[in-house]
Amino acid sequence: MASPNEYTPSTATGRIANFVDSRVGASGMVKEFGRKIFPDHWSFMFGEVALYTFVLLLLSGTFLTFFFDPSMTHVTYNGSYVPLKGIGMSTAMASTLDISFDVRGGLFMRQVHHWSALLFVASLSVHMLRVFFTGAFRRPRELNWVVGGVLLIMGLAAGFTGYSLPDDLLSGNGLRIIDGVMKALPIVGTYLSMFFFGGEFPGLHVIPRLYSLHIMIVPAVIILLLVIHLFMVVTHKHTQYPGPGRTNDNVVGFPVGPVYAAKAGGFFFIVFGIVAFISALFQINPVWNYGPYDPSPVSAGTQPDWYIGFVDGALRLMPGYLGNFSLEWVIPFPWGDNTLILSVLLPALVPAGALFAVMFAWPWIERWITKDNREHHLLDRPRNAPFRTAVGAAGVVFYCVMWAAASSDLIATHFHISLNDVTYWLRTLFFLGPIFAFWLTRRICLSLQRKDREIVLHGREAGIIQMSPEGGFSEKHEEVDVYKRYLLTNFNDNKYIPAQPDAAGHVSGSEKRRAAISKFFFEDRVAPVTPAELEAAHAAHGHHEVEGEKQDSIEK
Amino acid sequence: MKALSKKRRHPLAAVALLLFGLLVTGSLYTAAGSVSEAKAAETTSASAADVEEGQKLFVANCATCHGMNAEGSEEGPSLIGVGAAAVDFQVGTGRMPMQMQGPQAQVKPVQFDEDQISQMSAYVASLGAGPAIPDEEYLDTTKGDAAHGGTVFRVNCAMCHNAAAAGGALTRGKFAPTLAGVSEKHIYEAMATGPQNMPVFNDSNITPDEKRDVVTFLKTIEANGSAGGAALGSLGPVAEGLFVWTAGLGIIIAFTIWLTSRPS
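For the protein sequence lines, the chains are A and B, in the order given.
Using numbering that gives the first Met the number 0, the letters of the first sequence map in sequence onto residues 0 to 555.
Using numbering that gives the first Met the number 0, the letters of the second sequence map in sequence onto residues 0 to 263.
The hints are simulated quantities; they were obtained by calculation from the structure and are not laboratory data.
Note that beta-carbon positions come from the ideal geometry of N, C-alpha and C, so glycine has one too.
A portion of the hints provided could be inaccurate.
[Stated by the list, open to error] Covered by chain B, according to a simulated footprint, are these stretches of chain A (three or more residues, beta-carbon under 8 Å):
| no. | region |
| --- | --- |
| 1 | 82 to 88 |
| 2 | 114 to 123 |
| 3 | 262 to 272 |
| 4 | 366 to 380 |
| 5 | 435 to 445 |
| 6 | 529 to 539 |
[Claimed, not checked] Selected chain B positions facing chain A (Cβ under 8 Å, derived; list incomplete):
| no. | residue |
| --- | --- |
| 7 | Leu3 |
| 8 | Glu239 |
| 9 | Trp244 |
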């Protein structure tokens with residue numbers, strides 16, 4: 000390694016640095032990491048927001064563990080909050096109230112923890128939407144997409160286990176729903192519920208168990224996945240939006256050191272500041288309003304935190320009966336009757352399961368349909384992948400309809416409409432919304448692509464109206480510059496690929512299905528402008544252009 | 000006593016005894032069964048003139064729907080036996096006279112002054128016994144127990160009015176309103192009379208003392224304000240989620256755009 004004749008630092012700092020470097024080889028890492036290029040675009044920063052809010056969660060959560068006692072032992076509250084004085088509750092609830100009212104800075108830390116949890120899952124979701132709509136999940140990043148999906152699920156798990164900890168009325172109602180879903184499972188349901196709650200609901204065990212999950216396993220898994228995720232981000236290098244000089248083989252942007260490191264470091268404190276600002280000014284989860292958990296009361300406006308809302312919404316939309324058809328089935332088994340409660344199981348498991356299944360499988364679904372197995376480091380503009388954007392929009396609408404259903408009561412009271420009508424409309428939208436969104440988004444994407452074509456071929460409208468000697472009016476068109484034209488003409492163009500025979504000359508059934516889907520997705524397509532088309536358009540009306548000569552000189 | 004014992008073999012003695020027994024049982028039963036009605040009688044201090052004025056106001060403003068003698072019609076229910084408290088609540092909060100038929104009467108500016116309201120209350124109370132306007136004693140929040148009131152509230156009221164009394168939705172356009180800013184008297188009367196779609200919580204269900212506790216609880220949380228910052232309507236996680244997706248992410252996005260912008 001470092002032999003004396005290689006390098007002798009002259010300053011104190013240099014000596015310390017050299018001492019460390021010669022023992023841990025840090026310069027190699029700095030060289031590798033510090034030269035990593037990050038393209039600059041605001042939409043690339045949501046992953047960072049998620050990372051920073053997670054750090055905030057660890058810090059504020061550690062503070063909360065100093066004072067929180069997850070026990071479900073019954074105590075009489077005797078703290079400073081008068082409207083609950085003398086009321087019996089669990090130790091968990093009492094210590095949450097103590098954190099809120101009797102621990103210095105405790106309420107602020109609780110609010111920091113909860114607001115950053117909401118922001119954590121929100122930024123994770125927006126990050127995944129960005130990755131989806133720009134096609135950043137394509138080869139070689141499919142596995143990282145899956146890791147990201149698991150991270151999202153772990154985020155939901157962390158959120159739900161944390162939400163339940165204060166043992167207040169609101170979170171207890173949430174646990175009761177989980178209990179109901181478990182018990183709706185045939186045969187194993189009651190056993191599962193008994194195992195989970197350590198006896199009959201609510202029992203004395205569930206809060207300590209959730210606490211162990213919340214502060215140990217779930218964050219540990221998140222950290223592990225985070226490391227894998229970031230490792231893969233470094234290995235794959237960052238994607239970039241298309242543009243002049245940006246190819247599949249390079250990354251245009253700033254190196255980590257020093258510019259990006261400074262920006263990212265600063266951004267951590269910005270996120271910290273935003274969360275602190277919100278936590279200082281806006282109340283979140285006022286458990287003292289809800290009171291201690293008691294299985295009998297259910298407050299109006301009981302909802303889960305936003306990220307579980309879509310499951311709650313699906314439950315709210317599900318009817319118990321369809322006409323005279325009951326969704327509760329009794330299955331006769333040799334040992335007796337077991338019930339299969341589809342009105343609970345279907346909405347609780349199927350929509351969420353379908354969403355996550357399609358989400359995880361999408362990179363492979365898309366590869367199968369397009370037969371595109373190339374590496375992609377250049378992102379798609381969403382309009383240039385109408386099929387994917389439309390599928391994504393359908394998924395978003397599907398999710399949002401369920402999400403909206405979780406606030407159906409608030410929609411009804413705030414817009415002065417009937418709760419029943421809100422439910423009927425949302426049920427209709429549950430089925431028709433995604434279809435409509437798919438159709439509309441695809442039309443919008445295709446129209447935008449046509450507009451791009453139009454701009455490339457005929458230039459943009461200059462706003463200068465000319466009157467011809469004959470008295471006719473026409474508008475001048477301004478040709479786009481070459482940089483813009485590059486952006487508008489160079490994109491990944493997917494075509495309909497008819498069913499291909501395999502080596503033996505046989506067209507398999509699955510290949511036929513693939514071709515059918517491919518036809519459905521790519522039949523309507525706007526092709527990028529070819530040089531020949533551009534030439535023809537120029538020849539036809541080059542003389543109209545305002546700055547035609549200047550543009551030509553750039554081209555030459 | 001001797002005269003009485005002499006007549007004990009009288010042929011009508013058994014009948015008289017039976018009647019006496021029935022009378023005692025009946026009075027005891029009535030006394031036990033209608034604590035609130037007994038209270039109504041003791042607090043009625045309205046003069047005949049008030050009742051008469053009240054009747055005039057009633058005929059002019061209420062009879063279209065409730066009938067000339069408050070017997071009710073297809074448009075509105077009978078008011079016989081609803082008590083003074085019901086009138087005081089409905090008219091005193093502006094719900095009556097109703098602006099239009101709908102899922103339930105909405106709050107609007109109060110149409111009558113205190114005297115007129117008490118005259119109408121007196122008139123309706125004179126039609127049949129019902130819950131009276133509560134005594135000051137039961138509205139005094141210094142005597143109530145906020146913590147116990149909170150428990151009563153969560154068990155009986157929160158499922159419609161929300162745990163923080165922010166209100167909630169009911170079926171088909173009906174709703175439980177927010178209780179912020181509602182006077183002690185009106186909260187009490189609402190519990191006693193069950194206006195619109197609200198159930199009646201009579202005095203054997205929630206005792207007057209417990210009603211006072213509920214009022215105390217509501218007034219306490221109202222006076223406490225919201226610890227920890229703006230309450231976002233006390234609507235729970237939906238409001239919080241909406242806030243984080245709009246304001247929270249909005250601020251974040253503004254900063255990301257600023258960070259990645261280049262001087263041009």
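Against the structure, the hints:
Counting residues of the region 82 to 88 of chain A whose beta-carbon sits less than 8 Å from any beta-carbon of chain B gives 5, enough to reach three: the coverage restraint holds. Counting residues of the region 114 to 123 of chain A whose CB lies closer than 8 Å to any CB of chain B gives 5, which reaches the minimum of 3, so the coverage claim holds. Judged by the Cβ-Cβ criterion of 8 Å, the region 262 to 272 of chain A is covered by chain B as claimed, because 5 of its residues qualify and three suffice. Chain B is given as covering the region 366 to 380 of chain A, and this is violated because 0 residues of the stretch bring a CB closer than 8 Å to a CB of that chain, at least three being needed.
Coverage of the region 435 to 445 of chain A by chain B is violated [criterion: at least 3 residues with CB-CB distance below 8 Å; count 0]. With 0 residues having a Cβ less than 8 Å from any Cβ of chain B, the region 529 to 539 of chain A misses the three-residue criterion, and the hint is violated. Contact between Leu3/B and chain A, as hinted, is not supported at the beta carbon level, the nearest pair being about 56 Å apart and thus beyond 8 Å. Here the hint on Glu239/B is kept, as its CB sits about 5 Å from the closest CB of chain A, short of 8 Å.
For Trp244/B, the suggested interface contact is upheld, since its CB lies about 6 Å from the closest CB of chain A, less than 8 Å.
In terms of the numbered hints stated before, the structure departs from hints 4, 5, 6, 7, listed from lowest to highest.
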